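Engineer: If you read the sequences in order, they're chains A and B.
The opening residue of the first sequence carries number 44 in this note's numbering; numbering runs sequentially from there.
The opening residue of the second sequence carries number 9 in this note's numbering; numbering runs sequentially from there.
Don't take every hint at face value.
[Stated by the list, open to error] The calculated label-pair distances, taken between Cβ atoms and stated as ranges, are:
1. B:L182 x A:K215: 36 to 42 Å
2. B:G103 x A:C107: 37 to 43 Å
3. B:R256 x A:D270: 54 to 60 Å
4. B:T99 x A:G167: 34 to 40 Å
5. A:R140 x B:R178: 17 to 23 Å
6. A:S97 x B:L123: 51 to 57 Å
7. A:T244 x B:G259: 48 to 54 Å
8. B:R178 x A:A259: 51 to 57 Å
9. B:L182 x A:T244: 45 to 51 Å
10. A:A182 x B:R178: 21 to 27 Å
11. A:Q113 x B:H97: 25 to 31 Å
12. B:G129 x A:C107: 56 to 62 Å
[To be verified] From chain B, some residues computed to sit far from chain A (all C-beta separations above 12 Å):
13. L29
14. L32
15. M47
16. I57
17. L108
18. R109
19. K153
Honestly, the hints are just simulated from the structure, not real lab data.
For clarity, every value in this text was computed on a predicted model and none was experimentally measured.
The beta carbon of each residue, even a glycine, is placed where N, CA and C say it ideally should be.
In case you want the letters, here they are:
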Amino acid sequence: MLEMQALSLRYGDQAVLEDIDLRLAPGERVGLLGPSGAGKSSLLRLAAGLLPPSGGQLRNTFRCPVLMFQEPRLLPWRHALDNVALPLRAAGHAAARAEAIAHDWLARVGLDRAMRAWPGELSGGMAQRVSLARALALAPDLLLLDEPFSALDPALRLQLSACCHKEMAARKSALLCISHDPHELLGLVDRCVLVQHGRLTPIPLGGPIGSPQRTADADRLRAVLLDTRAQP
Amino acid sequence: MNTPRAGKGRTSRGWAAAGVLLLLLAWHVAARQLGPLLMATPWEALCAIGPLVSSDRFFAHAGLSLMRIGVGVLAGASIGFTLGVLAGHSTRLRGLIEPLRWLLMALPPVVVVVLAMLWFGLGSPMVVFITTLMMAPGMYVNTVKGMLHVDRQLVEMTHVYRYGAWLRLRHLYLPALSAPLLAALLIATCGGVRLVVMAEVLGAENGVGYALANARSTFDTAELFAWVLLILGLVAMLEFALLQPLQRRLGRWMEPSHA
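Input sequences plus hints: build the corresponding full structure.
Structural biologist: What follows is the structure, encoded as C-alpha cells:
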C-alpha cells in the first residue's frame, strides 16, 4: 500500500506539490497526466523514496518498489547482462541465479544477442529494453514508470508497453505511471489523475483496459492535456 | 588544413625510442665532459649492473626497498582513497580534512624526512611513514575530485535498485573513478620509488638509497649509476607492465567493439 496524506514538497521557497492525497492499493494501476513542470516526476520520486517530503505523511508498505526512469541509466562499464543481474544480487540472489534470471529477462525483451554488449554499443531502444528487463526482473510489487518509453519509436513503444502490462497483470503488481501519450497510458492503467499546479484531480474513465470506451477516454485525456497546456 | 590521423592520442613508439636515444647520447656527452669520477657513461653503468646484481648485498638492499615502496605506496593510496570516498560523500569531512591535505602537499618532503628521523630513528618505519604521508594527499585529491564527478543519475539508480555499500563501491564508484585513480596511482608509485630512495639516502642503514649513498662516498660512480638504471627499470616495469595494462583493461568499455 502506498499512501500519501496532505503531502507537500518544496524546493526552497517554491512549492512543487501541495496537499497531495493519493492511495495506491496492491494491484492497482494509476496513470499520472499533466503538463511539464506540474510535479509528476517529483511525485514519483517521493514514492520511490528518492526525495523526502516537506510536509504531510507518506507510507509505503510495498516490499519491492522499483522506479524506471525516462533514461536507461545503465552502468556503462558493465555488460547488458550485468546491468540486469546486479540489482538481483543486491536483492539477495546468488550470482549464478541472478545471471540466469537476467538472461531470461533479456531474452524476453528480445535481446538474446546483446547479453554481452556494452551499453555504449546499444541503440536507445535496446538500452531502454535492458532498463525494462532490469526493472521487471526484480518482480516489483510496485512499479513506478517515469515516461520510460517516450524516446522510443511507436512500434517499440507499443511492444514494451504491452510487455509491461502483461507482466504487471500476471503478478498483480501496483503501477504508478507518467506518460504524455494517452493511448499508452490507457493501455496500462485502471484510473487516471491529473497533476496540475502541484495538486491532483481524478479524471473519470469510461471502461476497463481493452474496452471500447477507452477510445473515447483517450480523446478526452488528449483534450484535458491540451486544455492544461493552454492555461497559464 | 590538418588531416586527422588514426591513433592521434597514442604516443608514437618510434619517437619515444628516439627520445631515449637522445637522452642516452646527452648522458654520454655529459659523462665524457665531467670525467669518470663525477659521472659514469651509460655503457660503464650498464657493465656495472652485472657484478652489482650478482653481489650478496644486492638482493638484501633491493628487497628491503621494494618492501618499503610496496607498504608505503599501498598504505598511502589506501588511506587517501578511503578518506577521499568518505569526503566525497560529506562536505563537512571534506572541510575538516582540507587543511591537513594542504599542509601535507605544501610541506617539502625533506622537512618530513628530518622530522621522521627524529621521531622514528633510522630504518623501515621512518621510510614507510614518510612514503605513506606523502602519497596519501595525491590519492585523496584525485578520489574526491572523481567522486564529485560521478554521474548523479547513476548514483540515484543504485539507490532505486537498493545496491548495498559494497556493490555500489565495486560497480559504481571504482569503475567511475578508475581513470583518475590509476593516474593518481601512477604518480604515487613513481613518486613513492623516488621518495623511498631519498629517505634511505638521508636516513637508513640499508636499502637502495643507502647503497647509492655508499657508492657515492666511495666514489664508485659506475655502481651509483648502475643503481640509477635499476631504479629507472623498476619504475618503467611498474608503469608499463602493471599500471598501463590495468588501465587498458579497466577502460575496455570505452572502446566499443561494434561486434
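Engineer: Any of the earlier hints contradicted here, and which numbers?
Structural biologist: none
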